[in-house]
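Visitor: Taken in sequence, the protein lines are chains A and B. If you count by my numbering, then the first sequence holds residues 5 to 172, one letter each, in order. If you count by my numbering, then the second sequence holds residues 12 to 317, one letter each, in order.
One should not assume that every hint holds.
To be verified - Restraint ranges, calculated between C-beta atoms of paired labels, are given here:
id, chain 1, residue 1, chain 2, residue 2, range
1, A, 55, B, 96, 45 to 53 Å
2, B, 79, A, 41, 39 to 47 Å
3, A, 55, B, 135, 53 to 61 Å
4, A, 74, B, 129, 21 to 29 Å
5, A, 112, B, 129, 32 to 40 Å
6, A, 55, B, 174, 53 to 61 Å
7, B, 23, A, 129, 41 to 49 Å
8, A, 63, B, 135, 44 to 52 Å
9, B, 135, A, 53, 30 to 38 Å
Stated by the list, open to error - Residues of chain B placed beyond 12 Å of chain A at every Cβ, according to the derived structure:
id, residue
10, 34
11, 146
12, 285
Claimed, not checked - Coverage of chain B stretches by chain A, computed from C-beta distances (three or more under 8 Å per stretch; other residues unrestricted):
id, region
13, 81-94
14, 102-111
It should be emphasised that the hints constitute simulated quantities derived from the structure, not laboratory data. All residues carry an ideal CB built from backbone N, CA and C; glycine is no exception.
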Amino acid sequence: MTDLLAGTAASVHPRSAPARIWNVVRLHLIDRRTYIGIPWLIVEMAFVITVFIAQIIGFTTGGLGTPDAIEGQRYSWAVLSPQWYLVIVGVQAISFGFPLALGFGVTRRDFYLGTALLFVLISAVNALAFAVLTQLEQVTEGWFIDTYMFNALWLGLDGFWWTCSRSS
Amino acid sequence: MTDSIVRVAGLTKKFGAFTAIDDVSFTVERNKIYGLLGRNGAGKTTLMQLLTGQQFATSGTLEVFGASPVENARVLQSLCFIKESQKYPDSFRPDHVLASAPWFFAHWDAAFAARLVDDFRLPLNRPIKKLSRGQLSAVGVIVELASRAPLTFFDEPYLGLDAVARQIFYDRLLEDYAEHPRTIILSTHLIDEVSNLLEHVLVIDEGRILIDQDAEQLRGSASTVVGKKTDVDAFVAGRDIISRTGIGGLASVTVAGLSAAERAAARATGLELSPVSLQQLIVQRTTSDTAESETVTTTDAWSARS
Numbered sequence: 005m006t007d008l009l010a011g012t013a014a015s016v017h018p019r020s021a022p023a024r025i026w027n028v029v030r031l032h033l034i035d036r037r038t039y040i041g042i043p044w045l046i047v048e049m050a051f052v053i054t055v056f057i058a059q060i061i062g063f064t065t066g067g068l069g070t071p072d073a074i075e076g077q078r079y080s081w082a083v084l085s086p087q088w089y090l091v092i093v094g095v096q097a098i099s100f101g102f103p104l105a106l107g108f109g110v111t112r113r114d115f116y117l118g119t120a121l122l123f124v125l126i127s128a129v130n131a132l133a134f135a136v137l138t139q140l141e142q143v144t145e146g147w148f149i150d151t152y153m154f155n156a157l158w159l160g161l162d163g164f165w166w167t168c169s170r171s172s
Numbered sequence: 012m013t014d015s016i017v018r019v020a021g022l023t024k025k026f027g028a029f030t031a032i033d034d035v036s037f038t039v040e041r042n043k044i045y046g047l048l049g050r051n052g053a054g055k056t057t058l059m060q061l062l063t064g065q066q067f068a069t070s071g072t073l074e075v076f077g078a079s080p081v082e083n084a085r086v087l088q089s090l091c092f093i094k095e096s097q098k099y100p101d102s103f104r105p106d107h108v109l110a111s112a113p114w115f116f117a118h119w120d121a122a123f124a125a126r127l128v129d130d131f132r133l134p135l136n137r138p139i140k141k142l143s144r145g146q147l148s149a150v151g152v153i154v155e156l157a158s159r160a161p162l163t164f165f166d167e168p169y170l171g172l173d174a175v176a177r178q179i180f181y182d183r184l185l186e187d188y189a190e191h192p193r194t195i196i197l198s199t200h201l202i203d204e205v206s207n208l209l210e211h212v213l214v215i216d217e218g219r220i221l222i223d224q225d226a227e228q229l230r231g232s233a234s235t236v237v238g239k240k241t242d243v244d245a246f247v248a249g250r251d252i253i254s255r256t257g258i259g260g261l262a263s264v265t266v267a268g269l270s271a272a273e274r275a276a277a278r279a280t281g282l283e284l285s286p287v288s289l290q291q292l293i294v295q296r297t298t299s300d301t302a303e304s305e306t307v308t309t310t311d312a313w314s315a316r317s
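Pulled out of the complex, with its shape left as it was, chain A reads as follows:
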């Protein structure tokens, strides 16, 4: 009897734990808008707004290229804007994604690990993307219009390429 029972369940090709956890990540990412599309749309909108505000400040104070202006723009933190959206989405991943995962026969453990992995990956990819954008911003001297968004206080760095080129 027990053999029979074990035999049937095995016929369903048990998936390995990494495959199951990766499936949870894929389930979250199947709608790309939620974790990738909308956060980057927010970044784009924040950038547009930053450009507008910087230009207004530029007109009124007569120049954005000064060290003071560059330093001042580091306080805008517009670059943090997608984070708050991702916090809310993180809550929704539990309240809406979890019931669906349960229906799909995912264990709570696999769902937790998969969701945690998803956010670690998003954080890593976003960190890398922001680092690259920060460098670009430095190299192009504020996107050629002296507008700095990514080089924010805390998040931003002066950029080692930038530093190297200046100090040499």
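Following the hints, position chain B against chain A.
Guide: Same frame as chain A, now just chain B:
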């Protein structure tokens, strides 16, 4: 052939002071279609959530494919249970659900899913939160049918589905079941519509299993005797009477278990015998005293529709 894939013994689930499932024991055999029937709030969904590891039992033992389903990936991979009130991520559209389902169900048949989408006329690109109740049910039904999970649960699958869609559901279920046998547990209160599908009936009422019987046997377990009141009364005297109605000098009495000889005797005295539908039988068995008149009206409405 009588290997059981689900074994439940003394299962109890309490939510605080409320006992949703009360000392339930039954087994489910492989490749049969089970009907899990009962009134609203009888404990059907809770029982299915326990069987799929979505709820934790308060006491008792529960084995699915030889092990407890709770946090057991091997067991859960063989199950499919889309709740009647299934929630989906906010931005999800039906195509997202159908694209991700194959990652979780080893036997998923994409062609079958596509055919069902056409059958149910499900708009794939509309956000799920904008779907009608019937279309929402269709999403669940399509996933459950196309998953071909060895143990599939249907929780009120026809909620909001129109008559055509319900017929399509029965047809596709039977067709696909014949080609790919699997164990199906169908929870519903539209008993008459599914009674021909069911091979085994589990009736649950107030958390207890009331009937656990082969569907064929259950149908044969009662008959309605119709005729002149005096004749009927004489015939049913001393028998297990399930229900009784009458107009003027005519009476209609449902009695339990008649043998072939007794049937012949009844016909000889000019009485008419008719089979009792599963629904009538279950309604009669699960009607508590207070709700009697109400339930009778409901039965009529149901009969009229089918």
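Visitor: Each of the hints needs a verdict: does it hold here or not?
Guide: Going down the list of hints, with the structure as the test:
1. A:55 x B:96: 45 to 53 Å: Distance hint for residue 55 of chain A, residue 96 of chain B holds at roughly 46 Å.
2. B:79 x A:41: 39 to 47 Å: holds (40 Å)
3. A:55 x B:135: 53 to 61 Å: violated (39 Å)
4. A:74 x B:129: 21 to 29 Å: Hint violated: Cβ distance 60 Å, outside 21 to 29 Å.
5. A:112 x B:129: 32 to 40 Å: Roughly 36 Å apart at Cβ, these two residues keep to the hinted range, so it holds.
6. A:55 x B:174: 53 to 61 Å: holds (59 Å)
7. B:23 x A:129: 41 to 49 Å: holds (47 Å)
8. A:63 x B:135: 44 to 52 Å: Holds - the Cβ-Cβ distance for residue 63 of chain A and residue 135 of chain B, about 50 Å, lies within 44 to 52 Å.
9. B:135 x A:53: 30 to 38 Å: holds (36 Å)
10. 34: holds (24 Å)
11. 146: Holds, since 17 Å exceeds 12 Å.
12. 285: holds (42 Å)
13. 81-94: Satisfied; 13 residues make the cut.
14. 102-111: holds (count 7)
Checked against the numbered hints given earlier, the structure breaks hints 3 and 4 and satisfies all the rest.
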